[in-house]
Amino acid sequence: AQSVTQLGSHVSVSEGALVLLRCNYSSSVPPYLFWYVQYPNQGLQLLLKYTSAATLVKGINGFEAEFKKSETSFHLTKPSAHMSDAAEYFCAVYMNAGGGADGLTFGKGTHLIIQP
Amino acid sequence: DTGVSQNPRHKITKRGQNVTFRCDPISEHNRLYWYRQTLGQGPEFLTYFQNEAQLEKSRLLSDRFSAERPKGSFSTLEIQRTEQGDSAMYLCASSLAGDTGELFFGEGSRLTVL
Chain X
1 AQSVTQLGSH VSVSEGALVL LRCNYSSSVP PYLFWYVQYP NQGLQLLLKY
51 TSAATLVKGI NGFEAEFKKS ETSFHLTKPS AHMSDAAEYF CAVYMNAGGG
101 ADGLTFGKGT HLIIQP
Chain R
1001 DTGVSQNPRH KITKRGQNVT FRCDPISEHN RLYWYRQTLG QGPEFLTYFQ
1051 NEAQLEKSRL LSDRFSAERP KGSFSTLEIQ RTEQGDSAMY LCASSLAGDT
1101 GELFFGEGSR LTVL
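Those protein sequence lines, which keep their order, are chains X and R. According to the numbering used here, the first sequence is numbered sequentially starting from 1. According to the numbering used here, the second sequence is numbered sequentially starting from 1001.
A hint or two may mislead.
Straight line, CA to CA, 30 Å or less: simulated DSSO-like cross-link-like pairs of lysine-lysine [stated by the list, open to error]:
id: 1; chain 1: X; residue 1: Lys108; chain 2: R; residue 2: Lys1011
id: 2; chain 1: X; residue 1: Lys58; chain 2: X; residue 2: Lys108
id: 3; chain 1: R; residue 1: Lys1071; chain 2: R; residue 2: Lys1011
id: 4; chain 1: R; residue 1: Lys1071; chain 2: R; residue 2: Lys1057
id: 5; chain 1: X; residue 1: Lys58; chain 2: X; residue 2: Lys69
id: 6; chain 1: X; residue 1: Lys108; chain 2: X; residue 2: Lys49
id: 7; chain 1: X; residue 1: Lys58; chain 2: X; residue 2: Lys68
id: 8; chain 1: R; residue 1: Lys1071; chain 2: X; residue 2: Lys108
id: 9; chain 1: X; residue 1: Lys108; chain 2: R; residue 2: Lys1057
id: 10; chain 1: X; residue 1: Lys68; chain 2: X; residue 2: Lys49
id: 11; chain 1: R; residue 1: Lys1057; chain 2: R; residue 2: Lys1014
id: 12; chain 1: R; residue 1: Lys1014; chain 2: X; residue 2: Lys49
By construction, these hints were calculated from the structure, which means they are not laboratory data.
Could you put together the complete structure from these sequences and hints?
Here you go:
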C-alpha cells in the first residue's frame, strides 16, 4: 500500500529564511508525488508534482522539491519565506499511474508559520 | 475558466438530519472524487466516479454515506442520520482519466452537526 509521512505537524521559520518541509513516501512501485497547499477555508491547490521525469521539480510561488529514491523522500523547499506562504502543506502519493482507484493518498499535513 | 464548484459552502444541521452536498467538476474531467477532511488531518478518500460509474465505494465511512453521479457530470454526496462525528470538510476533486494523478479541488463544503 502507498503512504506518505510528513515530519513535523508545525514548522516555524522567519520571513526570508529557508523553508524545508519533509515528506517520505512508501510505495512498492515508482510513485507519482505531489505537494498541495491549503489556505484557511479553501480547497487544495497544486504546488508541484513529480511524474518520473526530472528529479528536481519546480512549482509555483518559488517552491521546489527533489525526488530522492534512495531516501524515499520528496522534501519541499523555498529559499526565502514570505508571509504569504503561511498555510497548510500536504504531501501526496499516487501509485497507479494508469488509473488507480484511490486517487491520491495524503499525509497529515504540515502547518507552516512565518515569523515576521 | 470555471474550476470545481461545491455547494453549499457551509451547512449546520442537527443530529439525525440528512444533508446533501453537490459538486460540479471541471467540465471536461471524467473523474470525480470525494474526500473528507477533519481538523488537523489530511484529506481522506471516500469514493470516486469515472463518468457515471462509481468505481470505488468501499471507503465510504458507513452505510449512511452515499454518492451519485447520475449523468456523469455533477455529483451529490448524501449523509443520512447525521452524527456529531460527521462534522468535517467535504472536498470534491476532479481529474482526467489516465492523467498523472493530479486532482483539481473545490473549496469544500463544511458540515457542522449540532
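Against the structure, the hints come out as follows:
1. Distance check on the hinted pair: Lys108 (chain X) and Lys1011 (chain R) sit about 24 Å apart at the alpha-carbon level, within 30 Å; holds.
2. As the CA atoms of Lys58 (chain X) and Lys108 (chain X) are separated by approximately 23 Å, the hinted pair is consistent with the 30 Å bound.
3. The hinted pair formed by Lys1071 (chain R) and Lys1011 (chain R) meets the criterion: a straight-line CA distance of about 25 Å does not exceed 30 Å.
4. Of the supplied pair hints, the one linking Lys1071 (chain R) and Lys1057 (chain R) holds, its CA atoms being roughly 18 Å apart against a limit of 30 Å.
5. Among the hinted pairs, Lys58 (chain X) with Lys69 (chain X) is consistent with the structure: their alpha-carbon atoms are about 18 Å apart, no more than 30 Å.
6. The straight-line distance between the Cα atoms of Lys108 (chain X) and Lys49 (chain X) is roughly 18 Å, inside the 30 Å bound, and the hint therefore holds.
7. For the hint pairing Lys58 (chain X) with Lys68 (chain X), the CA-to-CA distance comes to about 15 Å; that is within 30 Å, so the pair holds.
8. Of the pairs offered as hints, the one joining Lys1071 (chain R) and Lys108 (chain X) is violated, with about 34 Å between alpha carbons and a cut-off of 30 Å exceeded.
9. Note on Lys108 (chain X) and Lys1057 (chain R): the hinted pairing holds, with a Cα-Cα distance of about 22 Å set against a maximum of 30 Å.
10. With a C-alpha separation of about 14 Å, the suggested pair Lys68 (chain X) and Lys49 (chain X) falls inside the 30 Å cut-off, and the hint holds.
11. Note on Lys1057 (chain R) and Lys1014 (chain R): the hinted pairing holds, with a Cα-Cα distance of about 26 Å set against a maximum of 30 Å.
12. A threshold of 30 Å between alpha carbons decides the hint, and for Lys1014 (chain R) with Lys49 (chain X) the separation of about 40 Å lies outside it, so the pair is violated.
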